[in-house]
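Colleague: Got two chains here, each in a separate frame; can you build the complex from them with the hints?
Here the protein sequences line up with chains A and B, keeping their order.
If you count by the numbering used here, then the first sequence holds residues 1 to 57, one letter each, in order.
If you count by the numbering used here, then the second sequence holds residues 1 to 265, one letter each, in order.
Check before you lean on any hint, since a few could be wrong.
With a Cα cut of at most 20 angstroms, we get these calculated SDA-like pairs of lysine to any residue [as the list claims (entries may be wrong)]: (1) B:K91 - A:D42; (2) B:K91 - A:D43; (3) A:K5 - B:S71; (4) A:K5 - B:G48; (5) A:K17 - B:K12; (6) B:K12 - A:K5; (7) A:K17 - B:S113; (8) A:K5 - B:Q90; (9) B:K12 - A:D50.
Because the hints were derived from the structure by calculation, they are not lab data.
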Amino acid sequence: MAVSKELLDILVCPLCKTPVTLTPDSQGLKCGTCRRVYPIRDDIPVMLVDEAKIEGS
Amino acid sequence: MADRPSNDQLNKIHDRFTRTADAFAAYVLQKRGADADRLADMAEPRAGDRVLDAACGPGTYALRFAPRVRSVVGLDYTPAMLSKARSTAQKAGLDNVSFSRGDVTAIPFRSGSFNVVACGFSIHHLLDPAAAVREFARILARGGRLALMDIIVAEPGRPDVNNRIEKVRDNSHVHTHTQPELLRLMESAGLRLRAAERVESPRMFDHWMHVAGFEPGEPTYEETRRLMEATFEDDSAGFHPERPAAPGGDFQYTQTILYLISERN
Numbered sequence: 001m002a003v004s005k006e007l008l009d010i011l012v013c014p015l016c017k018t019p020v021t022l023t024p025d026s027q028g029l030k031c032g033t034c035r036r037v038y039p040i041r042d043d044i045p046v047m048l049v050d051e052a053k054i055e056g057s
Numbered sequence: 001m002a003d004r005p006s007n008d009q010l011n012k013i014h015d016r017f018t019r020t021a022d023a024f025a026a027y028v029l030q031k032r033g034a035d036a037d038r039l040a041d042m043a044e045p046r047a048g049d050r051v052l053d054a055a056c057g058p059g060t061y062a063l064r065f066a067p068r069v070r071s072v073v074g075l076d077y078t079p080a081m082l083s084k085a086r087s088t089a090q091k092a093g094l095d096n097v098s099f100s101r102g103d104v105t106a107i108p109f110r111s112g113s114f115n116v117v118a119c120g121f122s123i124h125h126l127l128d129p130a131a132a133v134r135e136f137a138r139i140l141a142r143g144g145r146l147a148l149m150d151i152i153v154a155e156p157g158r159p160d161v162n163n164r165i166e167k168v169r170d171n172s173h174v175h176t177h178t179q180p181e182l183l184r185l186m187e188s189a190g191l192r193l194r195a196a197e198r199v200e201s202p203r204m205f206d207h208w209m210h211v212a213g214f215e216p217g218e219p220t221y222e223e224t225r226r227l228m229e230a231t232f233e234d235d236s237a238g239f240h241p242e243r244p245a246a247p248g249g250d251f252q253y254t255q256t257i258l259y260l261i262s263e264r265n
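Only chain B is shown next, with the shape it has when bound in the complex (with noise of 0.2 angstroms):
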């Protein structure tokens, strides 16, 4: 396959999440229980659903639907999110729950497998989200739910501001979309959208370059600070940041996340 720019970007997200597998899992798994909850919610999983967890990473999503159907799948290209996924499916005693290596552009699944498709903070890495969604649609059963939740660009930010910012900080990400964006690409792929609600989350700059796996004084972590303190007046990242108390110290900025629900007819 003609598919090496694809293969250079797989590269990334591998390196990335294999570099921070220890601090992104355990920041996922702690903080971001609560939005998968949320989003487990919204795509109102029945006792008999097969769910998979694609892009599980550490298996933030497997891990809140897995209680409540009969299986879950989490699919991801980076084995050692696969293996932290797997072990704490393991400690929690969850055994309805298996994995598979795998790209979300070309699942390895039969169409019509599963009623809900998870997604979460994955759409921004890829290079043709489309082509991801076309196949979250092609493996979803009739009726079935996409479940689909990832950063958005908020008002005023610009994408090309707000991008800049993240490609510095992590050079596997690719776009973040705007919320119409997102809501195209779930049309483009004849899924009907049926919820969608928006979410603040503050968060502290310091920490969210830890877990990136840069600190202060490291190159990334000062040009990337360059770059959000210089929307600290027009906020043209869309990222709402906080002037530190004191020069130099750390500072909140806000991520804007987008929660969608939207069927196959």
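So that you can see chain A by itself, here it is in the shape it has in the complex (with noise of 0.2 angstroms):
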């Protein structure tokens, strides 16, 4: 069971309410404007600033 296109559809980083995309491994959900990636973690998105990574590019 991997996140729901429901859920998808009304992500967004909760810093910068950019919505957030799906990564290309699926692992995770990155935003395109601050770069944090949040993790998903057993299928649940991780939607908290401490666990995300900024990632470069």
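Modeller: Written as structure tokens, this is what we have:
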């Protein structure tokens, strides 16, 4: 059970409120503005700033 | 972000609801279902609605709303609670419920994306409840409803006496509001009150302590009990406690619960 489309449609970065997109490996959700990547653990998005990694490029 | 105090509070919430996950989930799913139904009735959900259960715990409201609406999202900070909620939803055969981990004061959803936000028994755990209610207002669509319920300090109780007892029992407790304080929180976020109901909910003291993870003889149990017993005479905490039949026996007290429905214009 992956993250549902229903959820992907409405998820945003909790910090800058930019919509997030699934990373190519489907293991995270990336904010296009602040470049934070939020992990997906056990099919549940972890939308916490302290748990996110800031990705280059 | 400069949010260390808030993180300390989130750690307390995480620890309390991980430590007591089994007792807490068993209690609320069995005993709070009727409250959840009442809140759902008051919120008047429509079949096409998208609903958020904010600080969903074991999914008390999510599970009750799910059969009545298009979809429900449960948001909570504590992974142990999200696991309980998800497995309960799966066992109930609900396929329109999804979950996300997050903080209700920094909600990870688009503005205007929900028709109903339900939030039960959570406001008293928050250091900045105004921030949470502002977030609830932000994610509501126009005409969307916030269905909020929480314990309140009932007359003639004093907030300081009431909250001292609550904090000794549960170190993740921050502040039980009075009814006027909760109403002001809604108004400050630009939400318009549609309905308010108060319900008296009698409970037994020993079970209340059990749900928080403490049994008779343990220091936290004894200290909480001492503070509660000190209010038998004047009801200064507003818990309306009744003296036990025999000294040291279990006794009844009353939680006063406020149900509030407010609307985003």
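Colleague: A separate judgement is required for each hint: does it hold in the structure or not?
Modeller: Verification of the supplied hints:
no. : hint           : result
1   : B:K91 - A:D42  : holds, 17 angstroms
2   : B:K91 - A:D43  : holds, 17 angstroms
3   : A:K5 - B:S71   : holds, 11 angstroms
4   : A:K5 - B:G48   : holds, 16 angstroms
5   : A:K17 - B:K12  : violated, 26 angstroms
6   : B:K12 - A:K5   : violated, 32 angstroms
7   : A:K17 - B:S113 : holds, 12 angstroms
8   : A:K5 - B:Q90   : holds, 18 angstroms
9   : B:K12 - A:D50  : holds, 16 angstroms
Hints 5 and 6, counting from the list given before, are not met by this structure.
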